[in-house]
Structure formats: structure tokens, C-alpha cells
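Student: One letter stands for each residue in the lines below.
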Amino acid sequence: MLNLILFIVLVIVGVFSDIAIFIEKELFKAAIALALSFLSAAGFMFLLGLPLIALFQLLILVGGLSTYLIVTVASERKVLFRHTNAPMLLAVFLILGTIMVYAVSLGTINSASLSANVAQEIAVSISKEWAIMGAIVFMMFAVGIGSILLVKRSIKLVV
Amino acid sequence: MLPLFFFVAIGVVFVALGLAGAVASRHFIVVILAVEVIFAGSIIALSGYYAYSTGNSGDFFVTILSIWAVASAEAIAIIAFYICMKGRVPDFDLKKLTRLRD
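Just so you know, the sequences run in chain order W and B. Note that the numbering used here gives residue 112 to position 112 of the first sequence, counting from 1, and the numbers run on in steps of one. Note that the numbering used here gives residue 91 to position 91 of the second sequence, counting from 1, and the numbers run on in steps of one.
A couple of the hints might just be wrong.
[What the hints assert, rightly or not] Derived lysine to aspartate or glutamate pairs resembling EDC-like cross-links, with alpha carbons at most 16 Å apart:
(1) W:152 to W:76
(2) W:25 to W:76
(3) W:25 to B:93
(4) W:25 to B:91
(5) W:78 to B:59
(6) W:29 to W:76
Just so you know, these hints were derived from the structure itself, not from any lab.
Next up, chain W with everything else stripped away, as it sits in the complex (with noise of 0.2 Å):
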């Protein structure tokens, strides 16, 4: 009962804190919601069972991305035109949620079957996949350095 109590207050600052990063017109306000919504993140990986990577979400995530982003946007005066489009908002988000429910309650993963087999499944296909995975980050992190060193080479043939 406790679970099901604190699983509903999370949902509540969670999705609150989501809908006020988009109508929010302080960029500082927007980025302390984010944070709350990665808290609210934290709080349900604690409900499963799982207090280590809780604990990391809050050290990285919150401690430490969300910080730097308030202490970036601090500064920031207010938005002075209309950022986000509500309406456009609640459409978007209706049709994708209703495309996404459907997908995980009545399609291929219904009810019955959210059990330990679809869970074993799911990691069994990332472990497959995970040398691809590891190629591409592997590649994006060589493009980085050799992007730096060529701006770096830019820059002294400028000066």
C-alpha cells in the first residue's frame, strides 16, 4: 500500500514537473523541473527494487547534469515569445501516447505475457546487438577527437 502511495505521488511531481519544462517561461524554472523529473525518475528505480542505480541517477543526473544546467541558465532573463505550442502539445503527446499504450499493452507484449520471459528476451537481443553498439560509440568518440584536432589545426593556420 505504501509502494502504491508513493508510486502515485512520484507519478504527480514527475508528470507535473514534464508539463511545466514546456510552459514555463523561466529557462531556470524549466531546468529545476528537470531536475524534479529526474528525482521522480530516481524514486521509481528505488520502487523496483533497484537503490544502486537510483543512487547514481541521483549523483549524475541530478547532481550533477541538472546543476550545471541551472547554474547555466541562471542568468537567462525570460522568454519573450511563446515557446511552446500547447495545443500542438496535448495533440502530439495524446496520439503518441495512444500509438505507444497500444503498442506495449495489445500488441506483441499484452498482459499475460509481461512476465520474466519478455524481460529475458529483451536482454538477450541487446546482448546481440551490443558490438554493434559498442562500434558506433566507438566511432562517434574518434570523430570527437578528430573533430576538436581539426578545429584546433583551423585555428592556428587563422592566426
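We have chain W; now place chain B onto it with these hints.
Tutor: Same frame as chain W, but now just chain B:
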């Protein structure tokens, strides 16, 4: 323990909200924040599937570390872009930023 569907559903809600925000917003930084929300939703769904699985696969940790790394790299990129462009553009309206190439 709560049913797995609860966690998958909230992950879906987060991802759908993030995608909708990325589509409906015109501000550059808000779009990036929306992508961070998508990452948060995907992490919730992934953690749910892992918590309900029976295997002890290390792929979960590798995948979640990758997601965190990409999210952090994206935040660093947005901070660098913000510091670089602050003062050069009046606001971060995507419609105006597309004219920078001219």
C-alpha cells in the same frame, strides 16, 4: 511489488511528453530539455524490464551507463552552445537560428 505495467506506462508517458515537447517547442534549450525527458522515460522503462527479469545480465548496466553518458554529453553540448551564442543572438528561437547560415 507493483505490476510491471505501471512502470512501463509511466515510461511511455515520459517519452511521449518529451517527444511532444520536442515537436511543439520553438526554443532551442527547451527542445534539448525535452530530449532529456525522453532519456528519463527510457531509463524508467529499461529499469522496469530489468527489475522483473530473472537473468543477471550485465547488459542492463552497460546500456544504462550509455544512456547516462549520452544525456550528459548532450547537456555539455547545450551548455557550450549557449555560452558560445549568448550575446550573438537575441533569443534562442529555432526559426531565427536557422537563418544564421546566411
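Student: For each hint, tell me whether it holds in the structure or not.
Tutor: To see whether the hints hold, each was checked on the structure:
A distance of roughly 30 Å separates the Cα atoms of residue 152 (chain W) and residue 76 (chain W); the hinted pair therefore is violated under the 16 Å criterion. For the proposed pair residue 25 (chain W) and residue 76 (chain W), the alpha carbon gap of about 11 Å is at most 16 Å, so the pair holds. Our distance criterion of 16 Å between C-alpha atoms is met by residue 25 (chain W) and residue 93 (chain B), whose separation comes to about 13 Å. Distance restraint check for residue 25 (chain W) and residue 91 (chain B): the Cα-Cα separation of roughly 13 Å lies within the 16 Å cut-off, and the hinted pair is therefore satisfied.
Simply put, residue 78 (chain W) and residue 59 (chain B) have alpha-carbon atoms about 43 Å apart, too far for the 16 Å limit, and the pair is violated. Of the supplied pair hints, the one linking residue 29 (chain W) and residue 76 (chain W) holds, its CA atoms being roughly 11 Å apart against a limit of 16 Å.
Comparing the model with each numbered hint stated earlier shows that hints 1 and 5 do not hold.
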